[in-house]
Amino acid sequence: MEHQAKQRSRSPWRQVPFLFLLPLFCTCLSEQVRYSIPEEMAVGSVVGNLAEDLGLHVQDLLTRNLRVSAEKQYLTVDTENGNIVVNDRLDRELLCPQDPLCVLPLEIVAENPLNVFHISVVIEDINDNPPHFLQNNIVLQINEFAIPGTKFGLESAVDADVGPHSLQSYQLSSNEHFSLMVKDKTEGKTAPELVLEKALDREQQSSHFLILTALDGGDPVLTGTAQIQIEVTDANDNPPVFSQESYKVSLRENVPSGTSVVKVMATDQDEGINAEITYSFKLLGEDIGNKFILDHQTGEIKLKEPVDFEIRRSYTMNIEAKDGGGMATECKVILEIIDENDNVPEVVFTSVSNSITEDAEPGTVMALFKTYDKDSEENGRVTSFIKEKVPFRIESSASNYYKLVTNGILDREQTPEYKVTLVATDQGKPALSSSTSITLHIGDVNDNAPVFHQASYFVHVAENNPPGASIAQVSASDPDLGPNGRVSYSIIASDLEPRALSSYVSVNQNSGVVFAQRAFDHEQLRSFQLTLQARDQGSPALSANVSMRVLVGDLNDNAPRVLYPALEPDGSALFDMVPRAAEPGYLVTKVVAVDADSGHNAWLSYHVLQASDPGLFSLGLRTGEVRTARALGDKDAARQRLLVAVRDGGQPPLSATATLHLIFADSLQEVLPALSDDPLPSDPQAELQFYLVVALALISALFLFAVILAIALRLRHSTSPTIWGCFQPGLCSESRPVVPPNYSEGTLPYSYNLYVASNCRKTKSHFLTLKPEMVPPQLSTETSLAQAPPNTDWRFSQAQRPGTSGSQNGDETGTWPNNQFDTEMLQAMILASASEAADGSSTLGGGAGTMGLSARYGPQFTLQHVPDYRQNVYIPGSNATLTNAAGKRDGKAPAGGNGNKKKSGKKEKK
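So the sequence shown is residues 5 to 914, counted in our numbering.
Any given hint might turn out to be false.
[Stated by the list, open to error] Here are the computed lysine to aspartate or glutamate pairs in the EDC-like style, where the Cα-Cα straight-line distance is at most 20 Å:
1) K202 with E235
2) K76 with D95
3) K423 with E399
4) K267 with E249
5) K187 with E201
6) K308 with E275
Since the hints were made in silico from the structure, they are not lab data.
Keep in mind that this is a model prediction, so the values were computed, not measured.
Input sequences plus hints: build the corresponding full structure.
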């Protein structure tokens with residue numbers, strides 16, 4: 005702090021007034037900031053508080069990147085406290101070898117915003133260089149006839165310091181013959197002269213030794229010495245005389261070596277050896293000796309190596325002419341170097357912004373650069389321009405500093421980066437130029453919304469698709485970068501119910517793949533509309549919408565459904581009455597069917613599968629109309645049955661069947677006898693059901709036989725004789741077949757295989773197959789007497805078909821049941837009956853209508869409680885399962901149908 009205050013006191017003009025106007029007048033204020041420091045300050049020494057003097061806040065120094073812009077960093081800025089400190093050795097003699105006032109100009113650069121401050125640092129001289137002579141030993145030859153007062157020039161001492169610390173005076177050692185006189189010989193320098201005070205006498209003393217001391221003005225004083233040796237010679241009373249005391253010449257830089265600069269000439273009035281003149285450099289420094297050559301005989305000065313105006317603009321040389329008698333005279337040669345346009349102008353970027361975005365306003369600073377040329381005047385006057393056609397322009401900042409600013413709208417998607425070439429040209433003749441290129445990267449902003457690759461999407465999906473399968477993919481692109489161009493997809497609207505939307509479709513937010521969440525049904529949903537959104541992840545986010553129409557294609561997954569003829573609610577079928585005198589082509593009825601599918605899958609055709617008389621009726625292939633093909637003959641049956649198949653046009657086709665019952669009669673009175681007396685033709689389906697029941701009975705019998713055999717083998721090893729009593733021959737009475745009640749009334753149209761057990765006196769047991777025509781009337785009568793009153797459930801009309809056990813209305817589209825509950829129950833009942841017979845614990849007469857079932861079912865368990873196992877029989881080729889109507893238990897006959905439609909069931913006898 006003490007040193008800093010000292011430096012500030014030395015330079016009162018460095019104070020910075022009006023700091024609040026610094027942003028507006030930075031160029032003017034920068035010229036007033038000046039520091040004054042001594043040379044050879046230690047590295048790290050504080051020069052001054054730059055932040056305070058420039059009016060900057062210390063906390064902003066790091067973000068503004070305050071720094072010194074110079075080719076060699078003698079000084080630097082401490083961004084922690086704003087001090088400018090010494091960064092390298094400051095030697096005034098090296099920095100300013102020729103100038104008495106050494107000023108180091110500095111350019112301080114600050115960013116955000118970009119600005120340049122110009123300050124000056126005055127390097128003050130300290131007395132760190134003592135005076136010295138280029139020659140430590142000076143030899144003078146003086147003729148003994150030299151007149152007192154004659155002057156002899158001596159070599160001047162050299163002191164690199166300036167001002168008070170430079171060379172100030174000379175001192176000569178005391179003697180009686182010579183004194184010292186100092187006069188101004190060259191600009192800014194003093195030269196000592198030796199003055200003869202007393203005549204010399206060679207014969208008394210042929211040589212003299214003197215000490216010449218050079219003193220500077222420092223404190224303490226520094227000195228340098230040289231020894232003068234004077235040799236006394238014979239008389240030479242005329243010194244050489246130059247034609248000019250001073251020679252001024254000009255020389256262009258970069259001329260080749262060996263070029264003649266100037267030729268000096270001196271004459272001597274003496275004769276002989278005293279008139280022979282030789283020339284030599286006085287004060288020969290390295291800058292002179294390296295650049296020039298002097299011909300000692302002719303006095304011609306030639307160029308030893310090319311001179312450079314940018315290194316040194318002038319040279320001053322002292323030339324001495326000495327005759328053979330030792331007398332010498334000096335002249336001065338001043339050489340001015342003429343500048344040539346030999347330096348190319350340069351462009352140096354001091355700061356380049358790396359955070360410019362495409363939404364930058366026109367006039368935004370992109371870079372800061374400066375131009376300079378080592379040449380002078382017109383040769384060093386530089387202009388710059390941009391080579392390419394780009395949205396940028398150059399603005400002048402301060403002195404030779406320029407700003408590169410935006411001059412238009414930037415669009416990263418069109419041009420993500422610009423290569424800018426700055427060309428600097430001087431005004432020399434011929435002009436020289438150079439170029440420097442930089443690449444400016446444009447940052448991205450979210451200024452582009454996603455764009456779908458299609459204006460809309462139409463998707464076809466076949467029904468019954470697997471859940472989770474992909475049905476489509478939408479795709480959108482966004483030319484932005486990073487999150488600004490990363491697209492995610494979502495469903496934002498639909499014509500489906502909002503709650504049901506998620507159960508129908510979903511979309512992968514990353515890939516845009518649309519998935520079906522469920523299997524579609526064309527019959528329930530033929531098409532639906534979706535609105536999908538593509539949204540980027542910018543801030544704020546941008547989005548785009550697209551519509552997708554999903555069409556559910558039809559598959560042949562619905563069989564035709566017969567609407568007419570239909571079954572009654574009680575399960576009975578209807579019949580159609582045809583006049584006996586119907587002519588060929590008479591419209592008897594029409595099969596009406598529908599198909600839930602579409603197109604060819606719903607194109608129905610009608611075919612006759614079975615007919616009582618194939619030639620009697622015709623069926624319309626597409627209309628389903630049943631017409632008489634010929635007139636009714638005498639031999640034709642009054643009751644006719646047609647089995648019609650309805651097929652759709654799918655691949656493979658699906659079908660349904662309908663059974664038509666047709667009766668030829670002219671009135672309703674004729675219909676009733678026909679229903680009771682004239683049996684329908686044998687039904688192949690009934691025969692198939694019969695064989696199924698027979699097979700079931702055989703399997704049950706085999707199982708029962710295996711059980712009895714196992715029990716017999718088990719009991720055979722028993723020691724109790726009473727166990728086998730019932731199985732001894734002759735113990736059982738004659739077996740009697742067991743028949744269900746109301747057998748004579750036609751309640752068993754199917755064959756039953758029942759196990760018949762005799763009483764305990766006989767061991768024989770067998771299976772009896774009963775058919776309606778096989779039971780004798782007396783047996784039927786005898787059996788019915790021992791049974792409970794008949795159950796009307798055993799009464800079936802001839803048109804009734806089996807249905808689901810216990811059900812009232814059959815399922816029109818039902819098939820054979822998946823479970824076998826009814827079959828297993830039937831087996832269980834038969835096995836139970838066989839077990840009772842084997843145990844001898846029950847007989848056929850054990851209870852009315854029990855059919856030999858175990859007493860554990862209770863006396864109330866009669867045949868009316870036995871399920872009708874003729875029901876629930878699958879009819880191949882038909883999709884209907886007809887059921888028995890429980891409502892017929894009241895014993896009333898069904899009511900007749902309207903028109904010619906009648907029920908085909910038999911009328912109950914009262």
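| Going through the earlier hints one by one, which of them does the structure break, listed in rising order? | 6
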